[in-house]
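Enquirer: Each protein sequence line maps, in turn, to chains P and U. If you read the first sequence in this note's numbering, its first letter stands for residue 350, the second for the next number, and so on. If you read the second sequence in this note's numbering, its first letter stands for residue 733, the second for the next number, and so on.
You may find that some hints are simply not true.
Said to hold, decoys possible - Which residues of chain P face chain U? A few of them, derived with a C-beta cut under 8 Å, are:
| hint | residue |
| --- | --- |
| 1 | Ser743 |
| 2 | Ile754 |
| 3 | Tyr877 |
Because the hints were derived from the structure by calculation, they are not lab data. Predicted, not measured: the structure shown is a model, and the values here were computed from it. The beta-carbon is built from N, C-alpha and C at its ideal position, and this holds for glycine as well.
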Amino acid sequence: MSFFGFDTTLPRDRQQGGPARGFFENPDPFAEVARAQAVEDDDGIDFEDTYDGLGDQLDDDQDAFNDDTFGGGDTGAAATGAVGRDFDFFGTTAKVADVIGEEQVRYALQNPSAAPLAAQQHAAAPAPTTTATTATTTAKRTGYEKYSDPGYIPDLQAKSSVWGISQKKQEPIPAASRRPMMSLEEVEAQLRHRSQPAPTMPPQSIPQHMAEQAYLPHPQYPQGVPEGFPAIPPEYLRAALEKGVLPPGMPGLPPGIPELHGGPVMSGPPPMHIQQNQLPPQNLRPQGPRHAGPPPGQRQQQQMPPPPSTRGPNGGLPVITNPQQLMHLTEEQRNAYLVEDAKRAKRNHKIFLLSRGNGLMTPQDKNFITRIQLQQLVAAAGNVADADPEAVLSEDFYYQVYSQIRGAPRQHPHQPLGHFAQTYLLQTGNRLGGHGNRRAFQSADNHMQRMQQQVQRAVEAAKAKPKNKQLIIEGSLGKISFSNAKAPKHMLNIKRPDSSEGPRPKKVQSDLSLSDRKSILTNIESVYSALMAMEDMERTMPPPPEEGDSEAIQEHMEWRQKVHSLNQKLWRALKVMEPIVPNSTTPHPFIAFLSYPKGKKAIPRIFRHIDQEQRVTILTMIVVHLDSLDVVRLAQPGPGEAQPSLAVRESIDLFSLAVMPSLLGYVNEAPFNIIIGLLGLVIAQTHVQSVARTKVGLGILTMLLSRAEIVKEAGQAAERDWQQWVEKFNVLFDTLEPSLADIFPGAINTGDDMYVWQFLAAVGIGASPEQQQRLVIAVKDRVMETVGYSKTLPADMASLRLGNVNLFMRAIGLDVELLG
Amino acid sequence: MLFFSFFKTLTNQTVTIELKNDIRIRGILKSVDQYLNIKLDDIEVLDLDKYPHLSSVKSMFIRGSVVRYVMLPRSEVDVGLLEDATRREAANQVGKTR
């Protein structure tokens, strides 16, 4: 299929093919050659075969046309050697555009035979010498015709063929559309007929190597679909002429010209023509040197027996369009020619093979498929655009935080799947760019850009698409559910009850009893959600505002406002301020909250987000309810048991690990009067003797006593406060004294009793000498027991036990060493 | 995505996977995807006597849908964090269904 609708098959091809071919059954013009080459044509299609090698033929040494391009020479700039900073090459060229145009017309007038010759060059055997001369004189101008019209704007189109998006197809040339099919001969005859009287266009209007390749039967790949087909200069000229607008450089063109401008192009080899035009126009320019291919000598021999230079438009082999021409060549030339020919044919054949599927899908089809694939990718991997940390954190919270906490163990810690699409794109780009070839690189670049744009568009489309979860096609029996990794297909489709109906009755119930298990757990969850919200707020804290930056101050104020409201929410959820009902069977909500492990675990996090006043409220609450705390209430070993049950021990440990440090942290900064008040509460509100038998109870007492001692040591205690404290302490001591022997956990050989010795030490320091005496008497047995027991223990354990005892002994000014 | 997120933190740990056909495989978790397909390296099939055909397999890719259990090293699980992640996930789900 030729683009212009001509039948470009040569007579010999036509015989076998016949006109009845189907649309896709293009004749393979190279089949013959390929068959001839079958022996050596066993390798795959490699780059060398498909790369036209034009780049290699660029002759960087030759600067013959630099003056034309860079405005040296004529303008005198080059003569002085000053290069200047004006790199407006196009502008410089455009300055001489008129001159170029004038030269063309002048030449056309002077050599009326040039155009027929040009046509001949395509159609029949050219007269070698004439072609050579004409070409030499005009080669300099080749390719610049289009610039001769000052109003001309080069057709700037991206190389879209790589992406497969076609521009609007060019309007077919009227002449061609009118006559649907013409044989090559017919066209030639017509051309010749028309051009008889007329002076002609200089031959340079046909790119030289195009003509040179005219001898090839033209591959008829569907590639001929003109994607990114720029305006054809001669056509443009002709159109301009028809409109009566003559380019300034061509004042007196004879009337025959318009057709002639179009003529050679139309009769030329359309596929080649298209390929040519896909190159930027300036690529066409240095034709002479470029086409001095590797075996230039042999080619030139025909026209100029000694090869003087590789330049000149006739540098290639003679244009052979007729088999008989071969007969006139020497043996050597013929061989060289055949080799060249075979090579070219082989290459073209491979291109043909590659392009067999071309055109099966329209660019729109390809776009459609790509969009589907990308949408899948985007849907499965999350939106590429959503890569902001917030979204990642909410989708991938555990992983993100875990890798922050434990140090990222993986190769790509911050490469969640959302980047998958991008990675994929980059890889594709690299692979294509790896050709090391300018054009390949350029196209890869282009390809990538387009791919990225495509992804973006796909993402937009996916976002814009309404989120239909299922599709019911009319008349079908089932529904099609859409699913992806994030939103899997639902196996069951259960209608949720409207929120107004379902949970209502339950809520009423839960309001009635604040302390049943379920509502306690709900409370705990609401505390956690408030906590998480606060922690999120902490992350998004704006930087501290600078002086005068009202916007930042405003932002900060808003943030503080939000934090405050969250704090209030948390505080309400904790239910610390619920009224205390004395002698109630149900524990206070906050105490119930603390009876669950996750409630205990929440305390350190809560303490970070509340102020001192709230902390003291919590501490007070705990102290007041000390004996109803599960870790105190259940910690008394049952009758006949050495220690509480395992579950209770675990929860005691958890309480000691989670809650106590927070409380201790507060108490260590608490003012003295609060300590006094708390001790008073312990004495007044709780059953001190049973509290003292538990680890947690003793721990809290130790906390208070040691804080008081530290305040006293630091001399911060006012005399009145201290008097108050001593009173309270005396009450406590008197209450505890009878049961001091019982506060130890079980027998000497069971478990850890360090906390008891710590408590005794705290009591001992604060006690009066008389009280110390009583203390020693009370615990003397245990001290002696421990000392004796430690002798039976291995050295390290013994020193540990003795060290514990010594905590107490030193506090009252003694030492276990004294006991011998 | 919670489970995906969770299993991602277990890569390069040794886990034991029990399939729905009772085969138990211990190996190093190399990677996991959002379908919870699992790639295991250096595998060792418990009860190899029953499944001699697996004796020469060194690594495998397990389709997520055939996994019954994954036994994890406890020390590699941050329970508190996992609880919070679960809460977030639940909140996300509630947000989505509305």
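Enquirer: With reference to the structure, classify each hint as holding or not holding.
Expert: So, going through the hints one by one against the coordinates:
{"no.": "1", "hint": "Ser743", "in the structure": "holds, 6 Å"}
{"no.": "2", "hint": "Ile754", "in the structure": "holds, 7 Å"}
{"no.": "3", "hint": "Tyr877", "in the structure": "holds, 6 Å"}
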